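**Q** These are the residues of each chain, in order.
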Amino acid sequence: GEDVEQSLFLSVREGDSSVINCTYTDSSSTYLYWYKQEPGAGLQLLTYIFSNMDMKQDQRLTVLLNKKDKHLSLRIADTQTGDSAIYFCAEWDNYGQNFVFGPGTRLSVLP
Amino acid sequence: DAGITQSPRHKVTETGTPVTLRCHQTENHRYMYWYRQDPGHGLRLIHYSYGVKDTDKGEVSDGYSVSRSKTEDFLLTLESATSSQTSVYFCASQGRLPSYGYTFGSGTRLTVV
Numbered sequence: 001g002e003d004v005e006q007s008l009f010l011s012v013r014e015g016d017s018s019v020i021n022c023t024y025t026d027s028s029s030t031y032l033y034w035y036k037q038e039p040g041a042g043l044q045l046l047t048y049i050f051s052n053m054d055m056k057q058d059q060r061l062t063v064l065l066n067k068k069d070k071h072l073s074l075r076i077a078d079t080q081t082g083d084s085a086i087y088f089c090a091e092w093d094n095y096g097q098n099f100v101f102g103p104g105t106r107l108s109v110l111p
Numbered sequence: 112d113a114g115i116t117q118s119p120r121h122k123v124t125e126t127g128t129p130v131t132l133r134c135h136q137t138e139n140h141r142y143m144y145w146y147r148q149d150p151g152h153g154l155r156l157i158h159y160s161y162g163v164k165d166t167d168k169g170e171v172s173d174g175y176s177v178s179r180s181k182t183e184d185f186l187l188t189l190e191s192a193t194s195s196q197t198s199v200y201f202c203a204s205q206g207r208l209p210s211y212g213y214t215f216g217s218g219t220r221l222t223v224v
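Chains A and B, in that order, give the protein sequences. Mapping the first sequence onto this note's numbering, position 88 (from 1) lands on 88, and the numbers just tick up by one. Offset between the second sequence (1-based) and this note's numbering: plus 111.
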């Protein structure tokens, strides 16, 4: 079945850029997503990218997609303490009609 | 309020007892999902529903059952709770892709002692 992998932890200094990486297995995924989870809360949709795109920018967020390598990344510019959260990569499973999530990357922003 | 509400938010139960978690959505979404979240595993799909009375199993469905008698309500039942079912449970509904993705509830923290 589909599988999504991410590194589990990332620490950055406030004001630096953060890059969170993800690899996925389903080459037929039409959409790839990033979700954010703050403590004690459910996941919130951050952004998504179509599989026929290489890059998408949305304010401080940049998503890069390398479809050949099945690699997705999320770059957060000028990272703030409020960005501390768990970030989940997810691919849309067209067959199962559900999202398949990675294990999540816990981002810690140090002052 | 719009969105998804889950109840209860926290529950402690004893091994062997049945437990029902509730999910209520006001979005009129056709698809609804139950996931469990465990450290290092991310979110794993338990069951999902594609309409009233239409449900299917996910990746980790053993020991769980679901029911959907109305569009807005999706119930998850642990038939006989075990300690391995201690987890945080999230309900989600699916909005129109791609812009909306999932709408998630705030989760239910279940502890089985």
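None of these hints come from the bench; they were simulated from the model. Any given hint could turn out to be false.
Coverage of chain B stretches by chain A, computed from C-beta distances (three or more under 8 Å per stretch; other residues unrestricted) [stated by the list, open to error]:
no., stretch
1, 124-136
2, 178-185
3, 212-221
Taking lysine to any residue pairs in the SDA-like style, the calculated list, with each CA pair at most 25 Å apart, reads [what the hints assert, rightly or not]:
no., chain 1, residue 1, chain 2, residue 2
4, A, K56, A, G40
5, B, K122, B, S191
6, B, K164, B, N139
7, A, K36, B, R120
8, B, K164, A, K70
9, A, K36, B, K164
10, A, K70, B, P209
11, A, K36, B, S217
None of these values were measured; they are calculated from a predicted model. Even glycine gets a Cβ: it sits at the ideal position worked out from N, Cα and C.
**Q** So, for every hint listed, does it hold in this structure?
**A** For each hint, the structure was consulted:
Only residues whose beta carbon comes within less than 8 Å of a beta carbon in chain A count, and the stretch 124-136 of chain B has 0; fewer than three means the coverage is violated. Only residues whose C-beta sits within less than 8 Å of a C-beta in chain A count toward coverage, and the stretch 178-185 of chain B has 0 of them, not enough to reach three; the restraint is violated. Here's how the stretch 212-221 of chain B fares: 6 of its residues keep a CB closer than 8 Å to some CB of chain A, so the rule of at least three is met and the hint holds. Our distance criterion of 25 Å between C-alpha atoms is broken by K56 of chain A and G40 of chain A, whose separation comes to about 29 Å.
Restraint check for K122 of chain B and S191 of chain B: satisfied, since their Cα atoms lie roughly 15 Å apart, inside the 25 Å limit. Proximity of K164 of chain B to N139 of chain B is assessed by CA-CA distance (about 15 Å); at most 25 Å being required, the pair is judged to hold. With a CA separation close to 20 Å, the supplied pair K36 of chain A and R120 of chain B stays within the 25 Å bound. For the hint linking K164 of chain B to K70 of chain A, the alpha-carbon distance of about 36 Å lies beyond 25 Å, and the restraint is violated.
Distance check on the hinted pair: K36 of chain A and K164 of chain B sit about 31 Å apart at the alpha-carbon level, beyond 25 Å; violated. Between K70 of chain A and P209 of chain B, the direct Cα distance comes to roughly 19 Å. Compliance with the 25 Å bound is thereby established for this hinted pair. Our distance criterion of 25 Å between C-alpha atoms is met by K36 of chain A and S217 of chain B, whose separation comes to about 13 Å.
Violated hints, listed in ascending order, are 1, 2, 4, 8, 9; each of the other numbered hints is respected by the structure.
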